[in-house]
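Chemist: Sequence:
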Amino acid sequence: LEFSKWNGIFYDEKLTSAIIDRLVHHSHLLVFQGQSYRLTHSTMKSQ
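Residue numbers (our numbering): 412 to 458.
Calculated directly from the structure, the hints in this document are not laboratory data.
Here the structure is a predicted model, which is why all the values come from computation and not from measurement.
Errors might be hidden in some of the hints.
Distance ranges between label pairs, derived from CB positions [as the list claims (entries may be wrong)]:
id, residue 1, residue 2, range
1, K416, H437, 20 to 26 Å
2, K425, Y448, 20 to 26 Å
3, G419, L440, 30 to 36 Å
4, K425, L450, 28 to 34 Å
Virtual Cβ for every residue (Gly too), placed ideally from N, Cα, C.
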């Protein structure tokens, strides 16, 4: 879930910013492009 969409979960912009700040402090963020491997395979199993 993109960080910009987290306000929809916590409904408080300051709280959301604080949570994200604590989570990513001293972290390496990996951004992947393209289709989700899990989503693709889960839809194949349901068919």
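Chemist: Hint by hint, where does the structure go against what was stated? Just the numbers, ascending.
Modeler: Per hint list: 2, 3 violated.
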